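Asker: So the chains spell out like this:
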Amino acid sequence: MTRAARLLLTAFWTFVLASHAPCARAEGRVTVGSKAFPESWVLAEALAHVLRSEGVADVAHRNNLGGTEIVYQALRAGGVDVYPEYTGTIAQVILHRATSATLDEMRGALSKEGIGVSDPLGFNDSYALAVTPRVHERYRLETIGDLGRHPELRLGLTHEFLGRPDGWPGLVRHYGLSMPHVLGIQHELAYTALESGRIDVTDIYTTDAEIERLHLHVLRDDRGFFPRYEAVWLYRLDLERREPRALDAMRRLAGRIDEARMIRANARVVLGHRSYGEAADSLLAEALARGPQRSGAPGATMWGAMLRNTGQHVKLVLLSLLVAVLVGIPLGVLAARSAWLGSAILSVTGLLQTIPSLALLAALIPLFGIGVVPALIALFLYSLLPIVRNTYVGLTTLPSPLEEAAAGIGLSPRAQLFRVRLPMASPAIMAGIKTSAVINVGTATLAALIGAGGLGEPILSGIQLRQGSLILQGAVPAALLALLVQRLFDLVDRAAIPQGLRLPPPGR
Amino acid sequence: MADAAGIEIQDVLKTYDGVRAVDIDRLRVEPRSTLALIGPSGCGKSTLLRLVVGLLAPDRGTIRIDGTPMGPGSRLALQRRMGYVIQEGGLFPHLTARENVVLVARDLGWPEARIQARIQELLELTQIPPEILERFPTQISGGQRQRVALMRALLLDPDVLLMDEPFTALDPMIRSDLQRELKEVFDRLRKAVLFVTHDMAEAAFISGEIAIMNRGSILQRGSFRELVRNPATPFVTEFIRAQRPLEAPDQSPT
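If you read the protein sequences in the order shown, they are chains A and B. So in numbering that gives the first Met the number 0, spot 306 of the first sequence is number 305, and the numbers just go up one at a time. So in numbering that gives the first Met the number 0, spot 185 of the second sequence is number 184, and the numbers just go up one at a time.
There may be inaccurate statements among the hints.
Among the chain A residues that face chain B by a calculated CB cut under 10 Å, a handful are [claimed, not checked]: (1) 191; (2) 192; (3) 406; (4) 407; (5) 408; (6) 410; (7) 412; (8) 415; (9) 422; (10) 494; (11) 496; (12) 500; (13) 503.
No wet-lab data here; the hints were simulated from the structure. Because the structure is a prediction, the values reported are computed rather than measured. Beta carbons are placed, not taken as given, at the ideal position from N, Cα and C, and that holds for glycine.
One chain only, chain B, in its complex shape (with noise of 0.2 Å):
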């Protein structure tokens, strides 16, 4: 039997005003696997997530979450299986940390012991000092507002995690830190986890498959190693040769 879980895209196309926003024949997640999607800001990155997570409905096609198609009736159901980070976070200000860790927890009626013991177990895979949970959002860190985005994003447990540039407002340090932390939990958990971002380090360092993607469609998918090597399209090759001098000063001693 076909192992139908993860998120699978078919022949999706969306368009503004007639501009093909995103436009793609196929495109998959496997469980328990991530996949770094990469590309110029406007490339429909965003968009596609915001498909994904039912907050638009494409022209044409299908979005399946563990092979049950995403619609109307189903978006609330299928939300509930899928973890949605925002950039910055998107942390309700006029709840506490815990507050809007807890909420969708809440509104589903789970019984106030089942709820602490979640935000235990949460609170030891995310280490986020308990204190944190009692403040407003206005008064964490930037990176401490993240951990308690992606730790309101997994309270359900789901099956997939979508990560729309989540490190981009942060300062390099706090971000190297994080980028280690979630790849480690990624790591754990094993879920499989569609990660948006800009930065081709991040991506590559994140995942070990990556997703280029401009104007609306996927270019090529590989490692990070592939890209390089064989670039499908100018693009990519370009893509990749912006993003280089990044990585490049190898000489200094360690």
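Here chain A stands alone, though its shape is the one from the complex (with noise of 0.2 Å):
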């Protein structure tokens, strides 16, 4: 999304609720964020198990919150208070800076936005290219630069990584590469894709599973290209006065977590389906050489989760619906009355549906955090157009006719609109519903990436863990769920559209 539609969409909700305060950040409470991959939930897991360990009242893990935009917009918010991050990226993505920069440089630049950098883990997980072995034979590729021989292999890389200055493009300007195939794909997809031949090189974390599982070998970075990605703790320095247990926490962790026990630990998850709870139990097992403990998330059974998230799915939908209702119908009416307000309202509402539900999110969370609200809203604005539009167009195409009949016979202006011309819209009115809210319920899985919960939770986590099982446990409610959705707005039309519009037409 570019400066200048950020700043609009910005303005536009400033204006529309004039005030409002992220989250309210309570005392004795720690939210720790994780981004939508393995690795940081499970290290966000294990500093939550700390922070309870050494008595923190409330502590809570809002995993899956996106990339690294969505999660660092989260933190400044104060939708959480720490989260995991690599130097590389703080450096590159959040400071657009080099990644030479060191770590009190870091340190001094986002203390100015009231963010501290705790002292690196203990490994790295940099970036870097990977290739099956098949692939290694056959091309007899060992560095990035043999690359450069072979322009017709084809590359799947993270979307991420195709736009980072340190990722894709900064590697093709330094090794000079030219390769003409190369696609966006999701990052545990690619490794599917790479076994299945279907991508012959990819981009990978140097701490994944995979390597191991798929004997991937990697491509030796010999021009020194990939900074290094040491992981550390980024946190909200109120937290030195809030909770100082949780510096603690971060300190006694600082040093213990090298590559091979973060390897160790994503493979528990990835390959050997281990909630992410009882990886970081293990890793902290063998960081800080303490015993098995009870872990603070109850597991719970297949089919309460699958209720707890369908019920707040629907609550999402539900709610972002009815808002559109209420605010869409009037826009549609007030679109109807004249022509430049009509095609001003359209635009608006048809600019919004353009924009991409990432880049939505992202620009949401320095205003209303992460979680519920900013879900809500972001359904809502995807709401609107067909609401407004079919409202717009039951409006302005009454049979003349009946127009002629609405303004003549005497009727007030609001008798017209409420009486007359609102019941015979109802038609395109109830449709432009329908369509909205069986594409909520679609939209609403993204609600999951920004910590609102609902059936994209299973299905982030299933693709991330490549267990189709999970990935079920969220579609196919979704997909019940829309069916539902249809059904019962069949039943809603009986109640929202007059019994003389229901009418076969009149045989002539």
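Got two chains here, each in a separate frame; can you build the complex from them with the hints?
Answerer: Written as structure tokens, this is what we have:
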């Protein structure tokens, strides 16, 4: 999203909701955040365990908070107090600096934002490029530079890697590569694609469990392009005052987790299908030489989790839809009133629809934090267009004799609208609401990216863990929900559309 | 004192993209009289009716209803002193016939008893079977729809009635019944009626006075007999001749 679009959106919401306090930051409460990949979950969960064992009363772990942009914005806004990050990412993505920046330089720059950087945890999780043994042998690839000799190779690279200056664009310049076959792909899907031979090369993290499992060959960075990605904690400086035990916990973990321990912990989650709570426990047992402890998160049954996620999903869909109906119909009425107002309203609602969902979520976090509120706002914005447009079309396409009768028989403007035009337009309006509802059921799966829960949670986790059954636990209820919504609205139609408009057309 | 009631059109011009749709120096419909306005399609008669109802504003000139000039401020009040029947009735399909009839009275906040009493009066006047009122417009015949539309127009007991080709879409038998009924209603109620049609036989039957309109202007006004005997322009002659064959066969046994 461009800077201008983000400013526009910010201005819009500042205008709409004149004041909004992000999340209340209570005493004795620590929220640990993590990005949407297993290593981040395990580290965050490990910190949460240490905090709980040190007696911090209210420790929450919000996982799956999208990428750097989303979780960092959540940290600044106060929705998250601490999360694991990597030095290379801090320098490049957050501070827009050279990766040679030292830890002290980063601390100096981030302290102005109220953010602190802990001492390194002890491992380097850098980017690297990897190939399967088959590709390795066939093309005799040892270093990244060797790729230049084989422009026919198919690369499947993660979107973040493709977009980062310390990722693909920088790598291409540094090595003078020219590879015509580059596709963007999600990290976990990249392994599946690699395994099945659909792509030849992908970007990996040096602590990925898959390196072991697939016997991947990691290409040597012989010209020293990739910076160090030391794992550290990014935390809000106000923690020092609010909950000093959180800083103690970070200090205890400093230097205790090396690459081997991290790869093992990742493998337990990704390959051993253990929960990340268990993996965090095992990691802590190795790192702090402490005995296994009861993990904080109670293990929920599959059905219980499904029910909870579905309930949350329904809540997100219905609430956002309700607000969209309450705002969208009046906007449609307004749009039908004058030509210029109509084109202005329809353009703005249309424009909203084109904002990519991740970009919209990232833009909402500085204003509303993470969790249910920004998710509802995003869903609301995406629901507007079908409702506004259908209301507008319904009102402006009344048959002309009826238009004339409405305006000519002495009805007040109010009665014209409420007794004639809106009831006449109700089939179109209901169709718009139904469209929004069904789309919403799908879009709401993205709410999990900013910690709002819902059926996106098992889907996201399932993709990360390559567990089809987990994906289905989200996808199947979502599909059933979409069908149910369709059915439900057929019933709502009976109440909302006047009987006279539901009669079969008269035979002439 | 001059009788200012009825419809009074004075020096009214309405153009669309420079083309004159209506250009009338003076036209009056006296209280308690019926004027049939006739002309070919596109002659401006529907535009004239929209000007009278206030759905369009003239480029210049004034239209008075019962002496009050039509304008944005007076439009709603004046509309409630006029009954307006549109081609094919203009009944709202989402409302039953009864709801259509009482729509404006509800909007005005009439008490239920008054509405009921008025409906009883109108049922007698228009001879509509009461059960028709409970049906939706798509469930009743075209003729009944026009009767209901007339009922809706008469509900507020207006001084002025405007009818825009109300019977055009009906088949000839029903049409002739309705024409007879309507003439009786007009004779009983004695309102100022502006009846727009393109059918000379209908115009002659409904009203003693006919105004012929073409290209936005009134060419001649008079009884059917006067129009036939002293046509003011060649167009009047042409127009009447074109309609004549409809009333020709008078040799048939009765």
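Asker: Each hint should be assessed against the structure and marked as holding or not.
Answerer: Here is what the structure says about each hint:
no.: 1; hint: 191; verdict: violated (54 Å)
no.: 2; hint: 192; verdict: violated (55 Å)
no.: 3; hint: 406; verdict: holds (6 Å)
no.: 4; hint: 407; verdict: holds (5 Å)
no.: 5; hint: 408; verdict: holds (5 Å)
no.: 6; hint: 410; verdict: holds (6 Å)
no.: 7; hint: 412; verdict: holds (8 Å)
no.: 8; hint: 415; verdict: holds (9 Å)
no.: 9; hint: 422; verdict: holds (5 Å)
no.: 10; hint: 494; verdict: violated (14 Å)
no.: 11; hint: 496; verdict: holds (8 Å)
no.: 12; hint: 500; verdict: holds (5 Å)
no.: 13; hint: 503; verdict: holds (8 Å)
Checked against the numbered hints above, the structure breaks hints 1, 2, 10 and satisfies the rest.
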